[in-house]
Amino acid sequence: MVGAMEIYKLLPTDACKECGYTSCMALAVALLNREKRLDDCPALLNPKYADRFKKLKELLAPLENASETGLIIHPEKCFGCGNCVVACPVNVAAEPTRCGIGLGPQGEKVILAVEDGVVKCMNVNECRRFGPNKILCNACTATCPSKAIEFV
Amino acid sequence: MAVCTGCSLLCEDIELALMTGAISKVKNLCRKGHGHFQSFSSDRTSPKIDSQEVSLDQAIKKAAKILVEAKHPLLYGWSNSTLEAQRIGIDLAKKLGATIDDTSSFCQGLLMELVLAGRLPTCTLDDVRNFADTSVFWGADPSNSHPRHLSRFAYYPRGSKRQKSYEEERTCIVVDVRKSATAKLCSNYFKVPPGGDADFIASVIAVIEGKIPKFGDKKRMIELGTVLRKTEYGVIFPGVGLVYSLQGKIELLETLVSKLNEVTVIKVVPMVGHYNNMRGFNQLLLDDTGFINGVSFKDGQAKHGPENSVIAAAKSCDAALVIGSDPLSSLPFGTAKSLANAPLIAIDPRRSLTTDAARVVIPSAMYGLEAGGSAIRMDGVRVEFEPILEADLLSDEQILARIMEEI
Amino acid sequence: MEALVTIVTFGDIFQCEAEKKGRYSEDYKKFSAQIILDKQDMAGLGVKEGQNVLVKNHVGSIVVVAKASEDDPHPGLAIMVNSPWSNQLVRDDVCETSIPGFKRISAQVSPSVEDVTQISELFERMKAKGD
Chain V
1 MVGAMEIYKL LPTDACKECG YTSCMALAVA LLNREKRLDD CPALLNPKYA DRFKKLKELL
61 APLENASETG LIIHPEKCFG CGNCVVACPV NVAAEPTRCG IGLGPQGEKV ILAVEDGVVK
121 CMNVNECRRF GPNKILCNAC TATCPSKAIE FV
Chain B
1001 MAVCTGCSLL CEDIELALMT GAISKVKNLC RKGHGHFQSF SSDRTSPKID SQEVSLDQAI
1061 KKAAKILVEA KHPLLYGWSN STLEAQRIGI DLAKKLGATI DDTSSFCQGL LMELVLAGRL
1121 PTCTLDDVRN FADTSVFWGA DPSNSHPRHL SRFAYYPRGS KRQKSYEEER TCIVVDVRKS
1181 ATAKLCSNYF KVPPGGDADF IASVIAVIEG KIPKFGDKKR MIELGTVLRK TEYGVIFPGV
1241 GLVYSLQGKI ELLETLVSKL NEVTVIKVVP MVGHYNNMRG FNQLLLDDTG FINGVSFKDG
1301 QAKHGPENSV IAAAKSCDAA LVIGSDPLSS LPFGTAKSLA NAPLIAIDPR RSLTTDAARV
1361 VIPSAMYGLE AGGSAIRMDG VRVEFEPILE ADLLSDEQIL ARIMEEI
Chain Z
2001 MEALVTIVTF GDIFQCEAEK KGRYSEDYKK FSAQIILDKQ DMAGLGVKEG QNVLVKNHVG
2061 SIVVVAKASE DDPHPGLAIM VNSPWSNQLV RDDVCETSIP GFKRISAQVS PSVEDVTQIS
2121 ELFERMKAKG D
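Chains as they are written, first to last, in this note's numbering: chain V, 1 to 152; chain B, 1001 to 1407; chain Z, 2001 to 2131.
Note that these hints are calculated values from the structure, not bench results.
Please note that the accuracy of each hint is not assured.
What the hints assert, rightly or not - Some chain B residues close to chain Z (C-beta under 8 Å, calculated; not the full set):
id, residue
1, ASN1144
2, VAL1177
3, ARG1178
4, ILE1311
5, PHE1333
6, LYS1337
7, PRO1387
To be verified - Keeping only pairs whose Cα atoms sit at most 25 Å apart, straight-line, the calculated DSS-like set for lysine-lysine is:
id, chain 1, residue 1, chain 2, residue 2
8, B, LYS1065, Z, LYS2048
9, B, LYS1179, Z, LYS2127
10, B, LYS1315, Z, LYS2056
11, Z, LYS2129, Z, LYS2030
For each residue, glycine too, the CB sits at the ideal point set by N, CA and C.
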């Protein structure tokens, strides 16, 4: 995943503060967290930065698909192994006699399920990384054999 | 609900919606199983003699004729067929005085022999989920070969004695020549050079006996010894990688397991490959003849020997029936060449190199999808399944019964 | 430029999936007709990722695509999936245990300008009579 420094190097870096942040590095971080968008930087819209804008757009594109919790799935990499489905604590709490013991879920309250051979994400607001009491849970990413599931 | 016959885990929690001629919104199938389910709709075989389209009846009659006229017929495949079909296959071999062999003879045969004979203690995969605190994948990479193994049984799920699962109560050890996908997920990875497993075994035995290991990183081997001694219920899953590496010295594994069982409980479950019912065939043939594979009924009684394995018999046979397998793709070139040049009969639902080379092709139903039956999972548990699709095709069982009638 | 490698055959889920699609599919060829080489070995051979290489031994020869390994270094070790391509290199002599040497194939690797061997060519080799 792209890092803040990579983003920063492509910004105008003149700290004009038009975006509301005191430094371009702060904007870089905000762009990664999706608290700001590229057009929040008026300086970047100058035609002389057209190439940089294009590159930034490319780098930030995967984040477009990320859920609110920052979860991205790359289905083309997914093995459909179900490790994330079974490791996810929310899945296990919702279906202790299914996901808890290695089976596919039957209900609708789970976050992760395997459909058509690859994992799908739903109900992301139930994810423990979301909301006021969020924690740094990484059960799904840590158990993936192919980096098909990541956090931005 | 359906059962997946994509590998020897035979997962039974598959949910799907059926539309006319298509399967969609399938739940819980891994990528491999999904590919398997989707494959029913492409590259299907049709009855042929010498590449000409014929009726099913004609193809069956020709197949029977070829087999009857052969002096040394070989019946090979079997590991992707139901128990019911395998049973008829064995009877057919007896009636013809043929040689019968399955994929285990070049795959897990040596290991399976020990497990089925009771020389290696074993357990079910459900036991693994419920009791195992240490899983060892040795020369096996389940993430690629049996994708749901870790999530259904060996590492991630909760079990009756392992409620805290991989987070606190399970250890996953991988022994392999490279850092496979499974090795990247496990808690302890041991890299062993190709052919170095005998030395690794010697080192493990040494640390269990409290001696200094001769091979490998001494500190790590001693740590491994500690992990194994603290294990309450360990399960070793040897893959083809280990079986091949030991090349005939499979008793080294027996010695290791025996040694380990002096200090703790260790079981062995063979990682039967993507042949979904190899264990079923081995068990049936064992019960019938005392051997798990490579049997010749030529002189009226069952004889076993390496000359009856497909690798050797492909050269000496004068006709071969291949059922549910594609040896031209999966066996060494020399064997593939011998089979391609013998009068070959292929019973298969889908086109392959073997069906292309066959003199007679007999199309069959895909079991688990279009035909029902029963099979044995890699751990010996019997799984039954019903068809979920209608197809105007005979099952392996029905085809073999028809061939029997013609003989 | 030639390098001697030991080829170990491995299962790969994407190749298994492609196999279910069919032995004649483009995907099956893509995932099967390749050899994964250690990065240093590749550099030593002057072979780049995606370039074709000739892999041969006394059993047979094939042209496949070279891929750089993403694993920890494993000089001298190469990885292929079991397929009609890799089987061109596997001996079929039967020792007592009748296990072919799938997991320890010795072969020479060198850069090649030929196209990747087609499965139809492999089939023709099998059908050819005589030695």
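- Message: Can you verify the interface hint for PHE1333 (chain B): is its Cβ closer than 8 Å to any Cβ in chain Z?
- Response: holds (5 Å)
- Taking 8 Å as the limit, does the beta-carbon of LYS1337 (chain B) come near enough to a beta-carbon in chain Z? holds (5 Å)
- Query: Is the hint on ILE1311 (chain B) kept, meaning its closest Cβ partner in chain Z is under 8 Å away?
  - Reply: Holds: closest Cβ of chain Z sits about 5 Å from ILE1311 (chain B), inside 8 Å.
- Query: Holds or violated: is there a CB of chain Z closer than 8 Å to the CB of VAL1177 (chain B)?
  - Reply: holds (6 Å)
- Message: Please check whether PRO1387 (chain B) passes as an interface residue: C-beta within 8 Å of a C-beta belonging to chain Z.
- Response: It is violated, given that the least Cβ distance between PRO1387 (chain B) and chain Z is near 19 Å, above 8 Å.
- Message: Just to be careful: measuring from the Cβ of ASN1144 (chain B) to every Cβ in chain Z, is the smallest value less than 8 Å?
- Response: It holds, given that the least Cβ distance between ASN1144 (chain B) and chain Z is near 5 Å, below 8 Å.
- Does LYS2127 (chain Z) lie within 25 Å of LYS1179 (chain B) when you go C-alpha to C-alpha? At roughly 38 Å apart (the allowed maximum being 25 Å), LYS2127 (chain Z) and LYS1179 (chain B) break the hint.
- Message: Given the hinted pair LYS2129 (chain Z) and LYS2030 (chain Z), is their Cα-Cα distance within 25 Å?
- Response: violated (29 Å)
- Task: Quickly compare the C-alpha distance for LYS1065 (chain B) and LYS2048 (chain Z) to 25 Å and report which way the hint goes.
- Result: It is violated: about 54 Å lies between the C-alpha atoms, which goes past 25 Å.
- Message: Against the 25 Å threshold, does the CA-CA distance of LYS1315 (chain B) and LYS2056 (chain Z) hold or violate the hint?
- Response: Roughly 24 Å between the alpha carbons, so the hint for LYS1315 (chain B) and LYS2056 (chain Z) holds.
- Could you check if ARG1178 (chain B) really has its C-beta closer than 8 Å to a C-beta on chain Z? holds (5 Å)
Violation of the numbered hints given earlier is confined to hints 7, 8, 9, 11; the remaining hints are satisfied by the structure.
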